[in-house]
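Enquirer: What follows is the residue order along each chain.
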Amino acid sequence: MSHPFHVVVCASVVPDPLQTLEPITGPTGPALKNELMLPAILDPWAAHALYEGANLVKKVPGSKLWLVSMAPKAKLQQVMMTVAQKVPLQLVAIDGPSGGFVDAHQTAAALAKAINGIADLDKSRLLLFGGWESASRSAGVTLQLVGEQLGIVDQFQGVDAITPNDDGSFEVLERVEGARHQVSLCAGPPAVLGWATGNLGEPRNDPQVGMQNMRTIMPSLQKAVATPVTSDGLQYSNVATPKQQRETQIIKDKPTDEIAREIVQWIKGE
Amino acid sequence: MDVDIACVGFGPAMGGFLTTLSRSLINPDGTPAIDSKVMPGMPLQVICYERADDISFGVSGVVTRARGIRASFPDLDLSQIPMAAPVASEKLVYLLDPIGASRRSFALRTADRLLHAVVKLQHNAFELPYVPPFLHKDDGFVLSIGQFNQWVGSQLMSAGTVQIWPGMPVKEALIEGSQVRGIRLLDQGVDRAGNPEAGFTPGMDIHAALTVIGDGPVGAVSRNLDTRLGMPPGNSVSDWAVGMKFVIELRPDIELKPGTVLHTFGFPEPEIFGFLYVHSGGVASVGIFVPSWFNCPTRTVYRYLQHFIQHPYLWRYLEGGKLRSWGAKSLQESGKHGEPYLVGDGYARIGECSGSTNVLTGSGVDEAWTTGVQLAEAVLTLAKEGKSFTRQNLAEYENRRRDSWVEKEARVAEKARDGFHHGIVSGFAGMMLAAPSNGKLSLGKPPRTPNENLATYRQFFRGKINLRQLIEIKEDCEEKGLSLHDALMDRCGWPQVPQDGRLLVSHQDVLLMGGKVQAPHGFADHVVFRDIEVCGRCGTQLCVEMCSAQAITRSLEGAPNFDREKCVFCGACAWNCPETVDGKPNLQFLAGAGGLHSAEN
Chain A
1 MSHPFHVVVC
11 ASVVPDPLQT
21 LEPITGPTGP
31 ALKNELMLPA
41 ILDPWAAHAL
51 YEGANLVKKV
61 PGSKLWLVSM
71 APKAKLQQVM
81 MTVAQKVPLQ
91 LVAIDGPSGG
101 FVDAHQTAAA
111 LAKAINGIAD
121 LDKSRLLLFG
131 GWESASRSAG
141 VTLQLVGEQL
151 GIVDQFQGVD
161 AITPNDDGSF
171 EVLERVEGAR
181 HQVSLCAGPP
191 AVLGWATGNL
201 GEPRNDPQVG
211 MQNMRTIMPS
221 LQKAVATPVT
231 SDGLQYSNVA
241 TPKQQRETQI
251 IKDKPTDEIA
261 REIVQWIKGE
Chain B
1001 MDVDIACVGF
1011 GPAMGGFLTT
1021 LSRSLINPDG
1031 TPAIDSKVMP
1041 GMPLQVICYE
1051 RADDISFGVS
1061 GVVTRARGIR
1071 ASFPDLDLSQ
1081 IPMAAPVASE
1091 KLVYLLDPIG
1101 ASRRSFALRT
1111 ADRLLHAVVK
1121 LQHNAFELPY
1131 VPPFLHKDDG
1141 FVLSIGQFNQ
1151 WVGSQLMSAG
1161 TVQIWPGMPV
1171 KEALIEGSQV
1181 RGIRLLDQGV
1191 DRAGNPEAGF
1201 TPGMDIHAAL
1211 TVIGDGPVGA
1221 VSRNLDTRLG
1231 MPPGNSVSDW
1241 AVGMKFVIEL
1251 RPDIELKPGT
1261 VLHTFGFPEP
1271 EIFGFLYVHS
1281 GGVASVGIFV
1291 PSWFNCPTRT
1301 VYRYLQHFIQ
1311 HPYLWRYLEG
1321 GKLRSWGAKS
1331 LQESGKHGEP
1341 YLVGDGYARI
1351 GECSGSTNVL
1361 TGSGVDEAWT
1371 TGVQLAEAVL
1381 TLAKEGKSFT
1391 RQNLAEYENR
1401 RRDSWVEKEA
1411 RVAEKARDGF
1421 HHGIVSGFAG
1431 MMLAAPSNGK
1441 LSLGKPPRTP
1451 NENLATYRQF
1461 FRGKINLRQL
1471 IEIKEDCEEK
1481 GLSLHDALMD
1491 RCGWPQVPQD
1501 GRLLVSHQDV
1511 LLMGGKVQAP
1521 HGFADHVVFR
1531 DIEVCGRCGT
1541 QLCVEMCSAQ
1551 AITRSLEGAP
1561 NFDREKCVFC
1571 GACAWNCPET
1581 VDGKPNLQFL
1591 AGAGGLHSAE
1601 N
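Chains as they are written, first to last, in the numbering used here: chain A, 1 to 270; chain B, 1001 to 1601.
Just so you know, these hints were derived from the structure itself, not from any lab. All values derive from a computational prediction rather than experimental measurement. Accuracy of the hints is not assured; some may be wrong.
Claimed, not checked - Each pair of labels, with its calculated beta carbon distance range: (1) A:Ser169 with B:Lys1037: 38 to 44 Å; (2) A:Arg261 with B:Thr1201: 27 to 33 Å; (3) B:Lys1440 with A:Ile251: 55 to 61 Å; (4) A:Leu21 with B:Pro1252: 54 to 60 Å; (5) A:Arg261 with B:Gly1199: 35 to 41 Å; (6) A:Thr230 with B:Trp1315: 43 to 49 Å.
To be verified - Computed cross-link-like contacts, DSS-like style, restricted to lysine-lysine with a CA-CA straight-line distance of at most 25 Å: (7) A:Lys113 with A:Lys223; (8) A:Lys254 with B:Lys1480; (9) A:Lys33 with A:Lys123; (10) B:Lys1408 with B:Lys1445; (11) A:Lys252 with B:Lys1480; (12) B:Lys1566 with A:Lys252; (13) B:Lys1445 with B:Lys1584; (14) B:Lys1336 with B:Lys1584; (15) B:Lys1516 with B:Lys1322; (16) A:Lys33 with B:Lys1516; (17) B:Lys1336 with B:Lys1445; (18) A:Lys254 with B:Lys1474; (19) A:Lys64 with A:Lys113; (20) B:Lys1322 with B:Lys1091; (21) A:Lys123 with A:Lys223; (22) B:Lys1171 with B:Lys1566; (23) A:Lys73 with A:Lys58; (24) B:Lys1566 with B:Lys1322; (25) A:Lys252 with B:Lys1516; (26) B:Lys1408 with A:Lys252; (27) B:Lys1336 with A:Lys33; (28) B:Lys1584 with B:Lys1516; (29) A:Lys64 with A:Lys254; (30) A:Lys123 with A:Lys59; (31) B:Lys1566 with B:Lys1480; (32) B:Lys1584 with B:Lys1171; (33) A:Lys33 with A:Lys73; (34) A:Lys33 with B:Lys1322; (35) B:Lys1566 with A:Lys254; (36) A:Lys223 with A:Lys73.
A virtual CB, placed ideally from N, CA and C, is assigned to each residue, including glycine.
Go ahead and model the full structure; you've got the sequences and the hints to work with.
Expert: Structure representation (structure tokens):
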């Protein structure tokens, strides 16, 4: 193959969902209780995009991978301790909010500006990756807006697979209703791919990858420019978390049919 | 892979080490202050590997005088550390038994009756008129160890001179003769038994001129070193405890000032100490310590913790509160008696795994941090002089430690709690003798093993449960695959815990509500039974009874079941196995991955 890709993954940072997450209304709008003290992770949707991007770069010689992420610098530092062990990447760090309750247009503008500023990025080879959904409480439109600001017209959402061809084109599987995929053939980059879950598991931590990444990640974090992104002009009329119910039973040797019947009854609310 | 310094475990000790070291690795002009041997022209390459998925997932009930921490951060602004507060008040409280189910000696029951007769007690508790000087922390801080570690980590990461890699367990030290050459990481891509599967990646060897071990009380590398290189003559780790805590959001009308500190004793059993520390933000840490000298053959902790928080003295503050977090950990309580070789060729040990916890003052974080600082200062001295990290040269660290308050106070504490092996009264008397005599006076002597004084069921429950009832309970629980402790406590008169779904919740629910356990795929089980026939003969199955998270459960035949997805790495099973094979505990607690995800403990 002689058509390398320049893959840029946009990824936000979100509170570790395994913590106690409690929505509140703070002085600046919706927030999570004690948000600053919660450990953070890479948005799970964007993480899939990162792993798929790294896999693509590995398969197509000459390709490159950047991770563009906007979050408070301290949170980015923390998240990179884990992410940097996963796949080789170059970080473009933006010191800004990651709470999700900000204007998606402003966030997209900041991300587009950072991408435009990547020195050795060839935009004719650009594949812009990200999550098609987000756990960041954002409106889920940021990736699309970044693509528009970069002038990319080929956009795919709910992507589960990309298969590069020898002529530089690539095939994309997008999720559609009915648990089926729509198959598209794209002539080549640039394109936006908003990833669903993809097909790859989380890569194992690799100490050598970590060492290699840190040489570029630490300078990037230290150079991260504070970028004001606000929610000015936005008003949230209602914010709620998904309702959850849990009823624990510890019963030994219960027949599976009976367990299934009870679960069905529980779901039906009987 | 080659580095200059490989570090194992990120906790307060490693925080102190890396904080001190990182400040001196780069000159103001950006050039290396100390050249790396493995990357010429670069600064010293220092990497720290931590088993947990994040550096903020530590557990501790922390009130600390923080002398070492304040020395490292003279301008420390506590408001920058969530949940931190300066100590505002401190009380030592004797909790009487309002239920009548605890196992109190005749002498203690008599003393309780006298106390009731002489003093007008409120809330079934007696606030002692003073806190013994050795125990006081009135110039210190209340902290969340998770938040503190996270804050220290962010300082280190922003400096960018050392690397910390969470989610990367270290299997063992690389030992050649008496020399430690580095560490080996854990194999990935294996099944539960450790057999390679698809994606098998053998644990990488990290070679280092110096390996710094700060992997806590039950760390795999520490125990590996103790086994291979031995302990100093006469030393052994025979005193332990399990600490378990809730982090509770208090009712809005509760006016406990942040920094309020309560030390308790007497309930739920006379042998069990407890605490309540109030953080900033209307949150309190409440917990108990179940020590190895508590000779109960079940040594359960969770049920006792639930009764503890319902004691009237505490419940007036906690009722209506909401569980935010939960956690458990082992505490190495042997102090100097359990001190290993602090240094050797190519390695040094800091923090709890080096026996730094002071059992008289009830302090571990301050000591751990300070030992890390002391090692860093020694390492910087040696590196600047171009000296290698031999046992002889690393005596620089040992000497600093011996000359410091850590050692001085450890010597006072060395035998202070030995009396508890002979009873509560002799235990407290021993502590009161040790402190004013600077450790010269003590009572009793330490046991050879943590389970040396363990009672049989019949002995422990004599007068409470007769033999026939014991046999019935045992048979019934064995048939149902349940642990015995709940049934035994029920029979002793402990009331059922009225579960409210907010704070008083089942043992299984606390794993979900108090911090979720993660067990990443591709790693082997870290709890392994050497000989299942030995398990079959085990009279107590103490590993099942004491397991903090019900991760080890009774099996109808052979070895107990181990469910990695529940294990919080408290390590209680590592020292509670009463059965041995070839002189070693039948239960092996090995290096593992995952654990509890909570940053508030």
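Enquirer: Evaluate each hint against the coordinates.
Expert: Hints versus structure:
As the Cβ distance of serine 169 of chain A to lysine 1037 of chain B is approximately 50 Å, the hint placing it in 38 to 44 Å is violated. Under the hint 27 to 33 Å, the C-beta atoms of arginine 261 of chain A and threonine 1201 of chain B, about 43 Å apart, miss the expected range. A C-beta distance of roughly 58 Å is found between lysine 1440 of chain B and isoleucine 251 of chain A, which places it inside the suggested range of 55 to 61 Å. Our hint of 54 to 60 Å for leucine 21 of chain A and proline 1252 of chain B is violated, since their Cβ atoms are close to 20 Å apart.
Checking the proposed 35 to 41 Å range against arginine 261 of chain A and glycine 1199 of chain B shows it holds: the Cβ atoms sit about 38 Å from each other. Take threonine 230 of chain A and tryptophan 1315 of chain B: their Cβ atoms lie about 46 Å apart, and the range 43 to 49 Å holds. Restraint check: the Cα-Cα separation between lysine 113 of chain A and lysine 223 of chain A comes to about 15 Å, which is no more than 25 Å; the hinted pair holds. At most 25 Å may separate the alpha-carbon atoms for a hinted pair to count; lysine 254 of chain A and lysine 1480 of chain B meet this at roughly 12 Å.
Restraint check for lysine 33 of chain A and lysine 123 of chain A: the C-alpha separation of about 40 Å exceeds 25 Å, so the hint is violated. Restraint check for lysine 1408 of chain B and lysine 1445 of chain B: satisfied, since their Cα atoms lie roughly 20 Å apart, inside the 25 Å limit. For the hint pairing lysine 252 of chain A with lysine 1480 of chain B, the CA-to-CA distance comes to about 8 Å; that is within 25 Å, so the pair holds. A hinted pair counts as satisfied when its Cα atoms are at most 25 Å apart, and lysine 1566 of chain B with lysine 252 of chain A qualifies at roughly 17 Å.
Note on lysine 1445 of chain B and lysine 1584 of chain B: the hinted pairing holds, with a Cα-Cα distance of about 23 Å set against a maximum of 25 Å. Among the hinted pairs, lysine 1336 of chain B with lysine 1584 of chain B is consistent with the structure: their alpha-carbon atoms are about 22 Å apart, no more than 25 Å. As the CA atoms of lysine 1516 of chain B and lysine 1322 of chain B are separated by approximately 17 Å, the hinted pair is consistent with the 25 Å bound. Taking the CA atoms of lysine 33 of chain A and lysine 1516 of chain B, the gap is near 18 Å; set against the 25 Å cutoff, the hint holds.
Taking the CA atoms of lysine 1336 of chain B and lysine 1445 of chain B, the gap is near 13 Å; set against the 25 Å cutoff, the hint holds. Restraint check for lysine 254 of chain A and lysine 1474 of chain B: the C-alpha separation of about 22 Å stays at or below 25 Å, so the hint holds. A threshold of 25 Å between alpha carbons decides the hint, and for lysine 64 of chain A with lysine 113 of chain A the separation of about 19 Å falls inside it, so the pair holds. Distance check on the hinted pair: lysine 1322 of chain B and lysine 1091 of chain B sit about 24 Å apart at the alpha-carbon level, within 25 Å; holds.
Straight-line distance between C-alpha atoms of lysine 123 of chain A and lysine 223 of chain A comes to about 23 Å, which keeps the hinted pair within the 25 Å bound. The suggested pairing of lysine 1171 of chain B with lysine 1566 of chain B holds, with an alpha-carbon distance near 21 Å, which does not exceed 25 Å. For the proposed pair lysine 73 of chain A and lysine 58 of chain A, the alpha carbon gap of about 29 Å is over 25 Å, so the pair is violated. A C-alpha spacing of about 22 Å is found between lysine 1566 of chain B and lysine 1322 of chain B, which places the hinted pair at or below 25 Å, so the restraint holds.
Among the hinted pairs, lysine 252 of chain A with lysine 1516 of chain B is consistent with the structure: their alpha-carbon atoms are about 23 Å apart, no more than 25 Å. Distance hint between lysine 1408 of chain B and lysine 252 of chain A is unfulfilled; the C-alpha atoms sit about 54 Å from each other, more than 25 Å. Taking the CA atoms of lysine 1336 of chain B and lysine 33 of chain A, the gap is about 42 Å. The hint is violated against a cut of 25 Å. About 32 Å separates the Cα atoms of lysine 1584 of chain B and lysine 1516 of chain B, which puts this hinted pair outside 25 Å; it is violated.
Simply put, lysine 64 of chain A and lysine 254 of chain A have alpha-carbon atoms about 53 Å apart, too far for the 25 Å limit, and the pair is violated. Proposed proximity of lysine 123 of chain A and lysine 59 of chain A is supported: the alpha carbons are some 20 Å apart, at most 25 Å. Of the supplied pair hints, the one linking lysine 1566 of chain B and lysine 1480 of chain B holds, its CA atoms being roughly 20 Å apart against a limit of 25 Å. Taking the CA atoms of lysine 1584 of chain B and lysine 1171 of chain B, the gap is near 18 Å; set against the 25 Å cutoff, the hint holds.
Distance restraint check for lysine 33 of chain A and lysine 73 of chain A: the Cα-Cα separation of roughly 20 Å lies within the 25 Å cut-off, and the hinted pair is therefore satisfied. Pair hint lysine 33 of chain A plus lysine 1322 of chain B holds up; C-alpha atoms about 14 Å apart against a cutoff of 25 Å. Taking the CA atoms of lysine 1566 of chain B and lysine 254 of chain A, the gap is near 21 Å; set against the 25 Å cutoff, the hint holds. Proximity of lysine 223 of chain A to lysine 73 of chain A is assessed by CA-CA distance (about 10 Å); at most 25 Å being required, the pair is judged to hold.
In summary, the numbered hints that this structure violates are 1, 2, 4, 9, 23, 26, 27, 28 and 29.
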